[in-house]
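Got two chains here, each in a separate frame; can you build the complex from them with the hints?
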Amino acid sequence: MSPAVWFGEVGASLLAMDWTPAIASKLAPTVFPTGQTESAFAERLPLLLRDAVTGSLPEPWRWLANSLIAIVAIIVIFASLFALLTLAERKILGRVQNRPGPNRTGWGGILQPLADGIKMLTKEDIVPAAADRLLHFLAPVVLLALSIVTFAVIPYGRHLVPVELDAAVLYFFAAGAATELAIFMAGWASRNKYSLLAAMRALAQLISYELPLLLAFVPVVMLAGSLATTGIVAAQGGWLGGVLPHWHVLTPPGFAGFVIFMIAALAESNRSPFDLPEAESELIAGHLTEYSGFKYALFFMAEYLGMCALSGMAVTLFLGGWHAPLAALEFIPSYVWFAVKLLALLLGFIWIRATFPRLRIDQLTRLAWKFLVPLALINLLTGGFWVLTTHWTGGMLVVRWAIALVLVVGPFLALGRQFQARYAPRTYRYA
Amino acid sequence: MTTAFTPTPSGAHVRAVHDPFHGDLLEISMGPHHPSTHGVFRMMVTLDGENVVKLKPVFGYLHRNHEKLGENTSYLGSMPYTDRLDYFCSMTNNWAYALAVEKLAGQPVPERAEYLRVILAELTRLLNHTCLAGFLLQDTGASGTPLMYAFREREKILDLFEALSGSRMMCNYQRFGGCRIDATPAWLAAVRGIVDGYGAFLDEYEELITGNEILLARTQNVGVLSPALAVSAGITGPMLRAAGVDYDLRKVDGYGLYPRFDFRVPLGAHGDTYDRYMVRMLEMRESIGILRQALAAIPDGPIMDPKAKIRGFRPKPGEAYGRIEGPKGEIGFYLISDGTPNPYRYRVRPPSLINLTVLEDLCLGHTLADAVIILGSIDIVLGEVDR
Numbered sequence: 001m002s003p004a005v006w007f008g009e010v011g012a013s014l015l016a017m018d019w020t021p022a023i024a025s026k027l028a029p030t031v032f033p034t035g036q037t038e039s040a041f042a043e044r045l046p047l048l049l050r051d052a053v054t055g056s057l058p059e060p061w062r063w064l065a066n067s068l069i070a071i072v073a074i075i076v077i078f079a080s081l082f083a084l085l086t087l088a089e090r091k092i093l094g095r096v097q098n099r100p101g102p103n104r105t106g107w108g109g110i111l112q113p114l115a116d117g118i119k120m121l122t123k124e125d126i127v128p129a130a131a132d133r134l135l136h137f138l139a140p141v142v143l144l145a146l147s148i149v150t151f152a153v154i155p156y157g158r159h160l161v162p163v164e165l166d167a168a169v170l171y172f173f174a175a176g177a178a179t180e181l182a183i184f185m186a187g188w189a190s191r192n193k194y195s196l197l198a199a200m201r202a203l204a205q206l207i208s209y210e211l212p213l214l215l216a217f218v219p220v221v222m223l224a225g226s227l228a229t230t231g232i233v234a235a236q237g238g239w240l241g242g243v244l245p246h247w248h249v250l251t252p253p254g255f256a257g258f259v260i261f262m263i264a265a266l267a268e269s270n271r272s273p274f275d276l277p278e279a280e281s282e283l284i285a286g287h288l289t290e291y292s293g294f295k296y297a298l299f300f301m302a303e304y305l306g307m308c309a310l311s312g313m314a315v316t317l318f319l320g321g322w323h324a325p326l327a328a329l330e331f332i333p334s335y336v337w338f339a340v341k342l343l344a345l346l347l348g349f350i351w352i353r354a355t356f357p358r359l360r361i362d363q364l365t366r367l368a369w370k371f372l373v374p375l376a377l378i379n380l381l382t383g384g385f386w387v388l389t390t391h392w393t394g395g396m397l398v399v400r401w402a403i404a405l406v407l408v409v410g411p412f413l414a415l416g417r418q419f420q421a422r423y424a425p426r427t428y429r430y431a
Numbered sequence: 001m002t003t004a005f006t007p008t009p010s011g012a013h014v015r016a017v018h019d020p021f022h023g024d025l026l027e028i029s030m031g032p033h034h035p036s037t038h039g040v041f042r043m044m045v046t047l048d049g050e051n052v053v054k055l056k057p058v059f060g061y062l063h064r065n066h067e068k069l070g071e072n073t074s075y076l077g078s079m080p081y082t083d084r085l086d087y088f089c090s091m092t093n094n095w096a097y098a099l100a101v102e103k104l105a106g107q108p109v110p111e112r113a114e115y116l117r118v119i120l121a122e123l124t125r126l127l128n129h130t131c132l133a134g135f136l137l138q139d140t141g142a143s144g145t146p147l148m149y150a151f152r153e154r155e156k157i158l159d160l161f162e163a164l165s166g167s168r169m170m171c172n173y174q175r176f177g178g179c180r181i182d183a184t185p186a187w188l189a190a191v192r193g194i195v196d197g198y199g200a201f202l203d204e205y206e207e208l209i210t211g212n213e214i215l216l217a218r219t220q221n222v223g224v225l226s227p228a229l230a231v232s233a234g235i236t237g238p239m240l241r242a243a244g245v246d247y248d249l250r251k252v253d254g255y256g257l258y259p260r261f262d263f264r265v266p267l268g269a270h271g272d273t274y275d276r277y278m279v280r281m282l283e284m285r286e287s288i289g290i291l292r293q294a295l296a297a298i299p300d301g302p303i304m305d306p307k308a309k310i311r312g313f314r315p316k317p318g319e320a321y322g323r324i325e326g327p328k329g330e331i332g333f334y335l336i337s338d339g340t341p342n343p344y345r346y347r348v349r350p351p352s353l354i355n356l357t358v359l360e361d362l363c364l365g366h367t368l369a370d371a372v373i374i375l376g377s378i379d380i381v382l383g384e385v386d387r
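As given, the protein sequences belong to chains F and V, one line each in that order. Going by the working numbering, the first residue of the first sequence is number 1, and it counts up by one from there. Going by the working numbering, the first residue of the second sequence is number 1, and it counts up by one from there.
Bound conformation, chain V alone (with noise of 0.2 Å):
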């Protein structure tokens, strides 16, 4: 009989059995075609009755060459493939890649577009938190009710942006040196109009279901991660701030327009998934402060700096990383030119991969009900995972 308590980094202690009495181990092909793997990834977990012992992430079902493609294509021929990374999130992206060659060619951007950019990117934030409130309280059992709640709220954000963009949720609206289309005022109207309305969507999700016995139950202390290895594993976004590190690039760079907005930032003291689900709640709430804010302060003017070069775009030989807070946390690009219109190098920081890699630590000895709500808390999209 071999018995081993093996302590995992989170410090959770899992019994490994293989005897007479007990049996072998129960080895799962979760994925990737399971409902609740959030696409086509793929968990091999050993099971002990119903508790996980081992979980191994499988994926690259959906890789795609983007870094590959970036390097054999123009910088402006990459916006496009930035959609498909995160396509809950394409303005976010956008605006990453944009940052990113803006301060490889030094590129100014005019005002309103930098309101424009902060307006659409706290719209996505929204966006991608209700989803994922939606997703998470599915992967629950809650049988599509608050999925479809959420639902009912990204359609109308995701109608602006097809009203501004041409496209629900391929945008591909950011470009060097400011936006490609301008906002109307009307369509502004009809922004203020949802934000608005959106305290009391939340008012109701959270009276509906934040209170809940058996949600609470299913997601406190479950899968918590410590703050230090959320830091050494290098882990960002409402997932970091889950575990209690204060760490939001909004604060920390103040990229764009974010220092004059007046906004905070939630912290979890718990790490467990229920934390990640209240914080990305609580952020929802951030989010519709800093849109008024941005709305009400909109300026006039050109959203494209007139000496941007479309065409024949060769910035100077030289390197760039351009991050900004996206909703899953640091999504930054690195690009490096050798003067030819195409990058040498392209590379992606995808938060969804990287927050991905404690999946394990935070499933071991707990079930395999919880694997799936923990692997939902960790908001992944197999787009931006896999690449």
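One chain only, chain F, in its complex shape (with noise of 0.2 Å):
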């Protein structure tokens, strides 16, 4: 049978394609259109690091060794960030609190993720008698395992993707869906009352966010044309005028989706004021209630893994990826830009964390079925939009942007009206 059979035309032709000066275009030295040749140096010295320990190896073992390199390089890069995150968090809650932090340990407490770990690791392990062994024991090895995977697609750097997948953003999302199953898994196998209350919370609000936070990306696959995630940032590249970027967020339609994405991003990944599973107040630890010693820092690893991988992905997504803001910033690699936008946007995060109350179970699916799925359902259409009129210029272009930004605005003020009726602040009256 003919491959056209199997793969269809465009498979075919695909198929047929010699690949070797693809795959050579991104080994070769990077020309800047200004000519800052010395910059490539940088932007190629991950590569470069890599050829120097795999380059001796024979050719048909090298893709293998590749492949290790990343795997550890991901590992130890976001382990690292892992514990600075932990300390940041707390110095920043600190801070925001009028308290110090830690700052015992160490030259200002720099040291303490270091103590946490060694307490976390020569704690006992307690497993309750009336557990699941077996799936207490899975629950956290598949979070932080399902937690890992996703980093596998997101583009670090313009040489620097792990996984090149033509569906990545497909990938990226089903992996990171399947991380809420693990914490049922948690709650049902610690056979605790809290614990179970956790798992079924935790189910609801998968099921709820898991929709806003697909339909959020659409818009922008539709204006990349392509699920890959190397695909969706080179269609960001390039600046209008050197200084206004092509990225996604700002577009009507990729700015709502980023709007959307982040909010639901921060009930995916169990976040005030989505942290509802292990609500402290209320259900002590929440599914962690029965776990101790490294399981427990497991979680809390699988957990911040989890803010990283969904802040990279709305970088990719919506902030452009490693492109930088400005032309003239280009000279700075790009796996440093890339860093720079995953730190603020977890900056955020731990922002939110310090400022706001929870929500209650019943809010939280009303806020996701009631408001961010129409709004992203109507969202799409904005997309559609703009991808139809791109080819508008001159005086169509402020209608473009009139049309957009009606679509965006529009249903945000209507449907937050259905919320703003029902609770107001109230004047009091005096005896």
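Just so you know, these hints were derived from the structure itself, not from any lab. Nothing here was measured: the structure is a model prediction, and the numbers come from that model.
Simulated crosslink set (SDA-like; lysine to any residue; CA at most 20 Å straight-line):
(1) V:Lys156 x F:Pro100
(2) V:Lys251 x F:Ala431
(3) F:Lys193 x V:Val58
(4) V:Lys156 x F:Asn98
(5) F:Lys193 x V:Asp48
(6) F:Lys193 x V:Pro35
(7) F:Lys193 x V:Thr46
(8) V:Lys68 x V:Arg314
Listed below are several chain V residues computed to face chain F (Cβ distance under 8 Å; list not exhaustive):
(9) His34
(10) Pro35
(11) Glu50
(12) Thr140
(13) Gly141
(14) Ser143
(15) Met148
(16) Asn212
(17) Leu216
(18) Arg218
(19) Gln220
(20) Pro266
(21) Leu282
(22) Val372
Glycine included, each C-beta is placed from N, C-alpha and C at the ideal position.
So, in structure tokens, the structure goes:
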């Protein structure tokens, strides 16, 4: 049978293509428009380091060594980011709350994550007598594994994509959605009533927020015309007059999508104000109640890694990925820009945690189904309109922006009113 | 299949289902070790999903025989014990007990001491309501930030108490016929400074959190207490006034020097958790007004009635009930004297316990998360509930 039958015409042409130049172009020195060749070295530094390690290996084994190096690099970098993030979170929360935060270990508390790690590792691992021992053990492992595999498809820099998948975005969200099942596993296996309630909440939250999360990035896929993260980042390259980047967040459907995506991401990563599965004041520690020691640390790590992964995906989809915000700043390596944007989003997560009270479960689901899902659906329409009108110029450009803004702001105000009418500040009388 | 719709006194309809489809109800023992039961309090909660269908409060874990101790101790000996009732409000507990004994013995109090009592009671009200606002928001899941802001202000007032009485929380300050230690002009100036800054703190706090949509959604129409139920259950304090009943002992009894001061009593219209929070926020602003007036008018003079008997204090046989408007409600002491140095009967009317009795009525039909903030808005201290 011919390849055309199996893969269709496009697939056959892809198969028939000579891929060597495409791969070679990735390894070729990058040439910048302004001719800043010295930056190319910094840009390619991670690749050069990798090749220095694996270059001596025989050709058939090199891909395996390269993959292993990518895996090790991701785990090491994000595990240290997790450690620093716990410290940063405690420090920032402390400063927001008029207290210094951890400052006893090392210089200004810099060794606190190390102390926490030692404490976690040396604590006794307690499994409740009534627990399902296998699932109780598997839950943190599965959760962490699924959190880590999502990192495979994020483009960290111009040459830094661990795995290039055509449907990378779908892969990412499939793996991300499965993490909630691990939380359910933990809650169920602990045989604890608080854990069970947390598991119930986690599932309700998963079903509610997976939908706006997925719908929010569809306009971006429409704009970029690709489900591959590399394609989406490539579509956001270039600047209007050297100052205005072509990021998706700067288009009306992209902006609405970004806001919906970030709200849903907060819920997906169980962060305040959507931290219902581990609501401390209600469920003690939710699904973590019966976990201690290293397993608890794994849960914690998975939560932070999930937050990093979702932030990284938000950067990729909406904030231009590794592209610099200004053409003049392109001499800074792309992976630095990615890191800066990632850390900015993570700071936002921490800031929100320090600020907001928690929603109730029915309000949480109502917000998803009655507000975010309709907005995301209307945003699909906006995205379609935006894609269809890319050729409009001159005066029609103003019309294009006006229609798109009405499509974004109108439903937001209309849907928001139902929530405002229900709750309002009150005035009080005096006797 | 048995389905029961049980109307509760507060009007909530609660569905309790036992059938193969819905399964059994989930019974949870919240407490005595739980982050948000405000001490060693326990709620046996029966849940249908997340909804509370039954709630049984269990307390007594902190019982320490307070009332029996009072019968075996001299009148003055009970004064430090009253600090331990509601450990946020030792000054008002002291005052209520001193008032009861002064009524029993017909003991007058000098004017400066009365002024000091008003100042300390209103500072206690600020302290208690500030803490409540912090704890309540902590219960709604606000990650500690409001609590830390509240505790920053609370520490300032506790420093004042320490400077005056030598102890931050267990003040043991009031005596029968006056106060224990006179306030220095420097201390009064420090109070003035803190009172002047308190309005700014309240503005900041309300600016940051009171209008927050999540807070409104979490607290409005949650745990509605009807005025009829509030009155019949003997609820007092801000909780009663949040239900719309105008009853403030500072106005009703006019004890101490309160008739001299100009202040208003804020009233809620809905009786829900938001009203209970807001009434306290507004009461704090009135307290600042009372403090300003008292600090401007405090006279010089003795702080102790010279005829007051400290040693060998034996009031004539009789009985007396002294009550004041404590921050949590009516705190009262009922004493019977048989002419001996110890009271024959010593009874406390604890506002926390009596306000807690309606907990199940407020919680039925709401979710577990609401039960936590309803308990927080009742404002209990287990030292006073269990005694």
